[in-house]
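Residue numbers (the UniProt record's numbering), protein chains in the order written: chain A, 1 to 196; chain B, 1 to 196.
Treat the hints with care, since some could be wrong.
Treat identical chains as interchangeable: a pair holds within one or across any two.
[As the list claims (entries may be wrong)] With a Cα cut of at most 16 Å, we get these calculated EDC-like pairs of lysine to aspartate or glutamate:
hint : residue 1 : residue 2
1    : K194      : D141
2    : K194      : E149
3    : K53       : D73
4    : K136      : E12
5    : K37       : D141
6    : K194      : D147
7    : K37       : E84
8    : K136      : E84
9    : K194      : D143
10   : K194      : E84
11   : K43       : E126
12   : K136      : D147
13   : K53       : E195
14   : K53       : E166
15   : K53       : E75
16   : K53       : E33
17   : K53       : E20
18   : K136      : E149
19   : K37       : D182
20   : K194      : D28
21   : K53       : D28
22   : K194      : E12
By construction, these hints were calculated from the structure, which means they are not laboratory data.
2 protein chains.
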Amino acid sequence: MTAAKRDTYTPETLLSVAVEVFIQRGYDGTSMEHLSKAAGISKSSIYHHVAGKEELLRRAVSRALDGLFGILDEEHARVGRAVERLEYVTRRMVEVLIAELPYVTLLLRVRGNTGTERWALERRREFDHRVADLLKAAAADGDVRGDIEVRLATRLVFGMINSIVEWYRPDVRGAGVQEIADAVVQLVFSGLRKEG
Amino acid sequence: MTAAKRDTYTPETLLSVAVEVFIQRGYDGTSMEHLSKAAGISKSSIYHHVAGKEELLRRAVSRALDGLFGILDEEHARVGRAVERLEYVTRRMVEVLIAELPYVTLLLRVRGNTGTERWALERRREFDHRVADLLKAAAADGDVRGDIEVRLATRLVFGMINSIVEWYRPDVRGAGVQEIADAVVQLVFSGLRKEG
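With the sequences and hints as input, model every part of the structure.
So, in structure tokens, the structure goes:
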């Protein structure tokens, strides 16, 4: 049984176990020993796949970052009025966050003690700036209100979206991905109040 | 110098030091030794003020919870149309969060390993329900949209407000309390999009 389980280990499954341990213990608080125990394989088997825990962190946050940056390359994020592109990106951010939940959760918890963590924070900031630029363009088009400072609005919208990692659990009765994405888009773009 | 500093210690200043240490090290990771070092007073001096670290936690999260529940007793939260009361409560939540920043930050990080933590989580849920009830009443009045499920909308709005603890720093050039409160209220109630 254990032997069969070991045979199924791939870099992919090792990564997914590592991410769970990083989230639970914090990256700083995780040793190779912890990873070895959680994965049920020896440390030398782990070293067969990766150079160390920082490589696992880099692969994990890369997966989250690739998902997020990938959104910006999609057609609806590149073509059309800025406000429509911004709405599309907002919806897709919710979808990617939920599809890559543990990886994005880890990315959001990175604090910056190692080179990989600082690199991840830098890439996050870059993504935030790309979205802030879209918001700026939509304001310049006159399609979004100009009375909220762009940086502040971006922070608040990211705050709402990122907070989903705190409570969303897959396979539990509750709102599904599309319901959550719709709610975020409606709140961010139209607000709660009914006109009239 | 050190002696003079010691003389100024009161339960209040001890609490504020403890909160910083709890936030930095996590409540579980904080020992009386850590608190003693950070406060620059002996453990027995701390025990002169409080029974232990759980009492400090209880006092700290009580301060945040008293601030939040206090909002609901204010006149504008009790009198008037539900949507106006909800808007008032939203604005005041931002103000209280910023006024009591370290205490609310700690409250939001509580995870539930001790009796005090479970009590704090229970009180947070109670506050969330009180606000959700206001939203439900505003929807029943026809003043807010009915197409976002109340629990989901409440979570997203709380997510936006609570995320402020991640980036707001007092005395740093950046948005002030009123600018942030205005932005949150405008986003939550009217959204980003300009009506065409």
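Hint check results:
no., hint, result
1, K194 with D141, "between (24 Å within a copy, 11 Å between copies)"
2, K194 with E149, "between (24 Å within a copy, 15 Å between copies)"
3, K53 with D73, "neither (30 Å within a copy, 51 Å between copies)"
4, K136 with E12, "neither (38 Å within a copy, 44 Å between copies)"
5, K37 with D141, "neither (55 Å within a copy, 56 Å between copies)"
6, K194 with D147, "between (20 Å within a copy, 11 Å between copies)"
7, K37 with E84, "neither (48 Å within a copy, 54 Å between copies)"
8, K136 with E84, "within (13 Å within a copy, 30 Å between copies)"
9, K194 with D143, "between (19 Å within a copy, 5 Å between copies)"
10, K194 with E84, "between (21 Å within a copy, 13 Å between copies)"
11, K43 with E126, "neither (35 Å within a copy, 46 Å between copies)"
12, K136 with D147, "within (12 Å within a copy, 29 Å between copies)"
13, K53 with E195, "neither (53 Å within a copy, 50 Å between copies)"
14, K53 with E166, "neither (24 Å within a copy, 26 Å between copies)"
15, K53 with E75, "neither (36 Å within a copy, 54 Å between copies)"
16, K53 with E33, "within (10 Å within a copy, 31 Å between copies)"
17, K53 with E20, "within (13 Å within a copy, 29 Å between copies)"
18, K136 with E149, "within (9 Å within a copy, 30 Å between copies)"
19, K37 with D182, "neither (40 Å within a copy, 50 Å between copies)"
20, K194 with D28, "neither (47 Å within a copy, 45 Å between copies)"
21, K53 with D28, "within (10 Å within a copy, 24 Å between copies)"
22, K194 with E12, "neither (47 Å within a copy, 45 Å between copies)"
When the structure is compared with the earlier hints, violations turn up for hints 3, 4, 5, 7, 11, 13, 14, 15, 19, 20, 22 and for no others.
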